[in-house]
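J.: Residues per chain, in single letters:
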Amino acid sequence: MKTYLSLVKKEFHHILRDKRTMLILFGIPVALMLLFGFVITNEIKTIGIAVLDQSNDYTTNQIVDRLESSCYFVVKQRISNYGQLESVFKSGAAKLAIVFEQQFDYNLQRNRKANVQIIADASDANFANLSVSYATAVIRGYINDKNVQKSGMLQIVPEVRMAYNPELKGVYFFVPGIMALILMLISALMTSVSIVREKEYGSMDVLLVSPVRPVEILLGKVTPYILLSFINAFVIVVLGWSVFGLPVAGSLFLLFFECFLFISLALSLGILISTIADSQMVAMFVSAVGLMLPTILLSGFIFPIENMPLILQWFCNIMPPKYFIIILKHIMLMGNGLKEVWKETLILLSMNLFFILLAIKKFKIRR
Amino acid sequence: MVRLNNLCKTYGTTKAIEDISFEVNENEIFGLIGPDGAGKTTIMQIVATLLVPDSGIAEVCGMEVNANFKALRKHIGYMPGKFSLYPDLSIEENIEFFAALFGTTVQENYHLVSDIYSQIEPFKDRPAGKLSGGMKQKLALSCALIHKPKLLILDEPTTGVDAVSRKEFWGMLKNLQKKGISILVSTPYMDEAALCDRVALMQSGKILQIDTPQAVVNSFNEVLYAVTSDKVYKMKEYLKHSNYCKNVHLFGQEVHVTLNTGVIDNVVTELKNTGFSNVEIKPINPTVEDCFMKLMVQ
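Taken in sequence, the protein lines are chains A and B. The working numbering applies: residue 3 is where the first sequence begins, and numbers increase by one. The working numbering applies: residue -3 is where the second sequence begins, and numbers increase by one.
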């Protein structure tokens, strides 16, 4: 026990005295969180639009007003012919163009049908899709309102409600992903690098020839990182709540229990990496490519798993972060309990056992 | 204390050591002497329970190393070739950590390391990474000693250390020997061989000779001459290709040679005729290095 404590103390000295380590431990989580929350966002705000109004009547003006007052769009330029469209898109002033046909109002009253064309700059396909659907929704809303005013016509209005994330805030689904990413980064990458550093320095040899049991060496190595990972998980939850207004709907206790599962899983992966890597560079590379990339790409963090090719979907199924993110979404957004996530928890638990045993078995008691 | 029997270890296709057998007696300073790549480190790591030999038996304190490595690790102090303490921990933190690792405290065994540790103790708050070579070495030795080992294994402890510190270090080893600790030490410096009780001369994974340094020197059963002149290197090349020298080696500003019988008088005249000036030749006592060079050629 005393040996274990001095191992932990030594590891804390390493961490606290190295500025770079401290920066990775506490700078990166906050930076990532703020980056994803504020900068990299799927939400749409004040998109520049160009308007080509060949009719310029009461209705078209009202529609344009509607678009502007929705907060999503800002009219950047009014153009008078199609030829100007190209240059507007190229200059980047507008991402979307709204074109009203001639005699728009007249056609609408007379034929009960008028055409409005929406042209999007689809060089960013996702963005174009989103902004087109926003614009369509605004125009449709206007027509609906008008119909209601005019007569008691029969109409079906689908009322869409986005459950658990009514405002479609990006932060809501980024936070679980960032949590998985950061816990993976700290636990797996930092542990593997710190073990391999001892191999590089040669101090691992000295540790190995001492009577300390390998399990003690490993526990002493990972304990500080478990603690720091917890602090980080806590910081993320607090940041999500205080800066982005993301509540934790479910049980905090369950949330941290699942975090613990994922942290220990990541730690054993880190130990595994350290057994195959001979230099800090290799350890860093293997952690980055083997763990970080899958956490970002194959976990449902950014790209929905359902849309992937079947083979990649199978691949996703063996990625621990996938389950962790599912669990987090259930607990944080939907307020679910263990009853709803027991399957994923069980998967994480068994992966955990498997990798811990493998890591201990693989950890060399000799050179 | 240590008994090695026909040890072999291969890395890939390279044979690191081949058929190594020797014994280290109780309370003895035993030196493994040889150039880099001779296999010294491999032997040390096997004795230190870090490596498993491919074949052969290694025994330490009467216990087979492979089967009893856990029990043995309490009794072995190992100091690897390169500085392997924690550069970001201070002197005091390092030694306290290693004491705790072996379940002891600095106070408990302070008497063992006091001679050595007291020299660096005034700087105990300094990070180990910022120490000079000699101080690092003293700290590493203190850390390897703090658990009162019966056997101390030192892998090239004096490499990269200045001449004064080297001499001081060997003084410390002699003191430790008086306290009853057996020492297995390796070094590439031949002059340090004379400070060991017994030495094994090694090359390319094989042992060339095992004996006391004096016996090694005595086994040099020829007369050795030191030749000097104004152009030493050129003269060495010349002598090497002459037909009356057997062994020719450059030693600093001298060339050490063994000669065929009866040619000694001709050598000086011939060298002078060839254009070397200030030629002198005199018989000298061979050193361990001379013996090593001679064995290497054979």
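There's no promise every hint is true.
Computed spacing ranges between beta-carbons, pair by pair [stated by the list, open to error]:
{"hint": "1", "chain 1": "B", "residue 1": "G125", "chain 2": "A", "residue 2": "F365", "range": "36 to 46 Å"}
{"hint": "2", "chain 1": "A", "residue 1": "K363", "chain 2": "B", "residue 2": "T101", "range": "28 to 38 Å"}
{"hint": "3", "chain 1": "A", "residue 1": "L299", "chain 2": "B", "residue 2": "A63", "range": "22 to 32 Å"}
{"hint": "4", "chain 1": "B", "residue 1": "T101", "chain 2": "A", "residue 2": "L299", "range": "25 to 35 Å"}
{"hint": "5", "chain 1": "B", "residue 1": "G129", "chain 2": "A", "residue 2": "L299", "range": "47 to 57 Å"}
{"hint": "6", "chain 1": "B", "residue 1": "K278", "chain 2": "A", "residue 2": "D280", "range": "51 to 61 Å"}
{"hint": "7", "chain 1": "B", "residue 1": "R122", "chain 2": "A", "residue 2": "E308", "range": "55 to 65 Å"}
{"hint": "8", "chain 1": "A", "residue 1": "T277", "chain 2": "B", "residue 2": "T101", "range": "53 to 63 Å"}
{"hint": "9", "chain 1": "A", "residue 1": "K4", "chain 2": "B", "residue 2": "R122", "range": "36 to 46 Å"}
{"hint": "10", "chain 1": "A", "residue 1": "T277", "chain 2": "B", "residue 2": "K278", "range": "58 to 68 Å"}
{"hint": "11", "chain 1": "B", "residue 1": "R122", "chain 2": "A", "residue 2": "K363", "range": "31 to 41 Å"}
{"hint": "12", "chain 1": "B", "residue 1": "N21", "chain 2": "A", "residue 2": "G204", "range": "42 to 52 Å"}
Think of the hints as simulated: they come from the structure by calculation, not from any bench. Source: prediction; values computed, not measured. Even glycine gets a Cβ: it sits at the ideal position worked out from N, Cα and C.
J.: Taking the numbered hints from earlier one at a time, note which ones the structure violates and give those numbers from smallest to largest.
T.: 1, 3, 4, 8, 9, 12
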